[in-house]
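Student: Single-letter residue listing:
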Amino acid sequence: MIAAVRCSIAALATLAAAPAHAHLVETGFGAFYDGLAHVAVTPADLLVVVAVALLAGQRGSRAARLALFALPLAWLAGGLVGARWQGLAAWPLWTTLTFAAAGGLVAANARLHDAGVAALAVVAGALHGLVNGATMAPGGATPLALAGAVTAVFCATAILAAEVSALPAGWPRMVVRVAGSWIAAAGLLMLGWLLRT
Amino acid sequence: MIVVAHHGVLWRVVGVAALALIPALALAHEESGQAAGFLAGLSHPVSGLDHVLAMISVGLWGAVLGAPAIWVLPVAFPLVMALGGLAGLLGIPVPGVEVGIAVSAIVLGAMVLLEARPPLWLAAAIVAFFAIFHGHAHGRELPAGASALLYSLGFVVATGLLHAAGIALGVAHKWAVGRHAVRVAGGGVALAGLFFLWRAIA
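Line order of the protein sequences matches chains A and B. Number 92 in my numbering belongs to position 87 of the first sequence; there are no gaps in the numbering. Number 106 in my numbering belongs to position 97 of the second sequence; there are no gaps in the numbering.
None of these hints come from the bench; they were simulated from the model. Note that beta-carbon positions come from the ideal geometry of N, C-alpha and C, so glycine has one too. One should not assume that every hint holds.
Pair ranges (Cβ atoms, derived) [as the list claims (entries may be wrong)]:
(1) B/Gly105 - A/Thr32: 49 to 57 angstroms
(2) B/Pro128 - A/Ala171: 53 to 61 angstroms
(3) B/Trp130 - A/Pro173: 21 to 29 angstroms
(4) A/Ala113 - B/Phe204: 34 to 42 angstroms
(5) A/Asn114 - B/Trp184: 30 to 38 angstroms
(6) B/Leu203 - A/Val86: 53 to 61 angstroms
Simulated crosslink set (SDA-like; lysine to any residue; CA at most 20 angstroms straight-line) [as the list claims (entries may be wrong)]:
(7) B/Lys183 - A/Gly175
(8) B/Lys183 - B/Gly196
(9) B/Lys183 - B/Pro77
(10) B/Lys183 - B/Ile79
(11) B/Lys183 - A/Trp176
(12) B/Lys183 - B/Glu124
Let the sequences and hints guide you as you build the complete structure.
Tutor: Listed below in structure tokens is the structure:
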């Protein structure tokens, strides 16, 4: 009888179990650094930051300055919206498309206008931030964690875009285009995986 | 009576176990199998000699052709290869994949051997054409549990590094002795391609 009661309680407990939510990377340094590390260990986020930063750097210092603020701010806005409406989390196709497209533009050395680079940065930042906010919030992430993620985006964009914009013509610029083609190719393959499943 | 009671408990235990098997809504965001995926992708292209030789010969041919082909070919190849992989993942058939890979080694090796200098668009078209076969054959072999994105990235990076190796070897083309060595290497790739072709057809 006691065993039956225990089993019944266990069954009820199983039924009442909370869904398995995401948890942030635990750096041990607090929420801010957890958010910062989150970007570093999420390949899709990292790739879009790299691709947008390379593109911005390719297009010169003015485009790089615009992207430097457009990407993190859009990321923050998207993150806040995502944290509020968490049903917007599952957009892997769109996030993959953003970094694949950005990588393709880098590979093609596309002569985008500064506003075009900024617009791409806003779209990419908003989409990835939205997914970030929607997936981090259920794991108990505080706005501080989102601030950490945005800081990571800002720092990575600043370093990469500055480096690329200062590169001389010739081989170094070609290496940037090759990197863009690799990102675009990985994105295309990932699209295949997503469409197949 | 005791047996009946035990059966009741047993059924409840089975019920609990069955409930435990029903997965709760998984919202986990951290991707799993990242290291495994990247390493699998990185090692996959170098596990097949046909792919390795063809990729190196792309770099060698680029080095022989010089700028701008030296960078156009390595930029074009991964993109078109990914399109081939995309076709494979979507179930779009490409006929004669293994034959195409073998022929790629023959043609690219021969181009290096003969120091062929077609117009840039034709060189890019030749490389892109063969890239489809390589992508279709190799881009979709994801190990279970591995991160698809990092596998894809590793695969592309390894292919690109093989191009870079070919370009680095091709730098020797600047010197008289190195030029012969590069041509001999191209001939070796073409011969290996013939072997792969024989194996694919036989």
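Student: If any of the earlier hints don't hold here, list their numbers in rising order.
Tutor: 2
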